[in-house]
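Listed here are the chains, written in short residue letters.
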Amino acid sequence: MSDWTPPSTVNLVDLGFMDARSKLIDLAAFLDRVQRANQTDDFRVQALKNAIALLSLDQPTRAKEVLLSFSDPSTEPIEKATMQGAIGAYRG
Amino acid sequence: MTVVFQTAAFAPALITIVNECKQPSTIVKSLMNYIEPHGHMVSRTTDDYERMALAGCQAICEPAFWAGFDRASADGFYDYFRQITEYEPKRAARFGIKHFSWLCINPKEAEDTKLAEEVIGLIPQFIDKPGVLGIGEIGLNKNSRNELRIFEQHVQVAQDYDQLVLIHTPHLEDKLKGTRLIVDALKNFPKIKPERVIIDHVEEHTIDHVLDQGFWAGITLYPESKCTPNRAIDMLEHRHAERIWMNSACDWGISDPLAVPKTMQVMRQRGWTAEMIQRVAYENPVAFMGQSGKFHL
Ligand SMILES: [Zn+2]
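Respectively, the protein sequence lines represent chains C and L.
So in our numbering, spot 48 of the first sequence is number 1314, and the numbers just go up one at a time.
So in our numbering, spot 268 of the second sequence is number 1142, and the numbers just go up one at a time.
Warning: the hint list may mix true and false statements.
[Unchecked claim] With a straight-line Cα cutoff of 27 Å, these simulated DSS-like cross-link-like pairs (lysine-lysine) come out:
| no. | chain 1 | residue 1 | chain 2 | residue 2 |
| --- | --- | --- | --- | --- |
| 1 | L | LYS972 | L | LYS1136 |
| 2 | C | LYS1346 | L | LYS988 |
| 3 | L | LYS1136 | C | LYS1289 |
| 4 | L | LYS1136 | C | LYS1330 |
| 5 | C | LYS1330 | L | LYS1061 |
| 6 | L | LYS972 | L | LYS1168 |
| 7 | L | LYS1061 | C | LYS1346 |
| 8 | C | LYS1289 | C | LYS1330 |
| 9 | L | LYS988 | L | LYS964 |
| 10 | L | LYS964 | L | LYS1168 |
| 11 | L | LYS1168 | L | LYS1003 |
| 12 | C | LYS1330 | C | LYS1315 |
| 13 | L | LYS964 | L | LYS1065 |
| 14 | C | LYS1315 | C | LYS1289 |
[To be verified] Stretches of chain L that chain C covers, calculated by requiring three or more beta carbons in the stretch to come under 8 Å of a beta carbon on chain C:
| no. | region |
| --- | --- |
| 15 | 1019-1031 |
| 16 | 1045-1055 |
In short, the hints are calculated from the structure, not lab data.
A virtual CB, placed ideally from N, CA and C, is assigned to each residue, including glycine.
Isolated chain C (complex conformation) (with noise of 0.2 Å):
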């Protein structure tokens, strides 16, 4: 299972510029929406923001740091599930 042949090196800018500029675009425009709307007050916008951050960080783990900055960091189980779904951002 080890032998791992290393993919043959392609333009990954040409393959995902556009796609990545168009989201970047989303979310700008995101930002301005809820501001516009007096909603930026909201935790989920602030999580957002908090992650933002952590795109100028240098090593390419930025990923990773974007959903550890979503994630529950408490290592205890909850006592009981009171609701079935997730919010996408941990409320503290």
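Given the coordinates of chain C, work out where chain L with the ligand should sit on it, guided by the hints.
Then chain L with the ligand, alone, in the frame of chain C:
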């Protein structure tokens, strides 16, 4: 041959092209084949089976899970187990696809421990069915004490009956904590070997913890809440595709039963060799599920 590598989505047309070129069709099949190791087909249409067959799907494995609503009694699960062990294999067979299943009560319905224990009691009468691969998808949802207790009871069944284990990790903000709790809980079952356990729905913040403990990891290609093809491929490259499978987890929600072949196409665009694509999409699931002794293709 380069045409053959282009896309699984046009498999029938390509098979025609290749047959016209008098290439052995077995070569085409070996390049196109994939396994869907995690699909909730009770929620999908028969058309989906056909589309998956056309894309090269050879086998679908169906873990027991939430049906989109809470079932009122253990009788509902008895019928559900009959459906995934008896009826779905017949529906899949119409399209030449093998169908396998996993048994449990999922963590979303495990907060009701009385119901959960009744359902766990049903498992032994289904466990020897020919297509049953093990216990799953068990795990945690909101990381509660009751969920954890029922998770451990399932692991005990797996240990008692020497079964493989397929584990669901929680969604979104609950995933990190749930994955850690699950890995810690498994350490209390010394007879459960990590190489016989797959922890599914890993993402960038949980994959290393799972693989570094010796478990298999599943990457789920699910719109919005889990992982895109490019992120899945990033993780596969980072971990050299070892002890990892990818799946669509197609179910009653917004999900794509063709997510695996579509990701195979992105792998081609990103310079992956046909052999490495086959390793992830076919050989890795075979290696893991082959340990059941029942995964015959
Ligand atoms: Zn599932």
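Enumerated hints in conflict with the structure, sorted upward: Checked against the structure, the hints that fail are numbers 9, 13, while the rest are satisfied.
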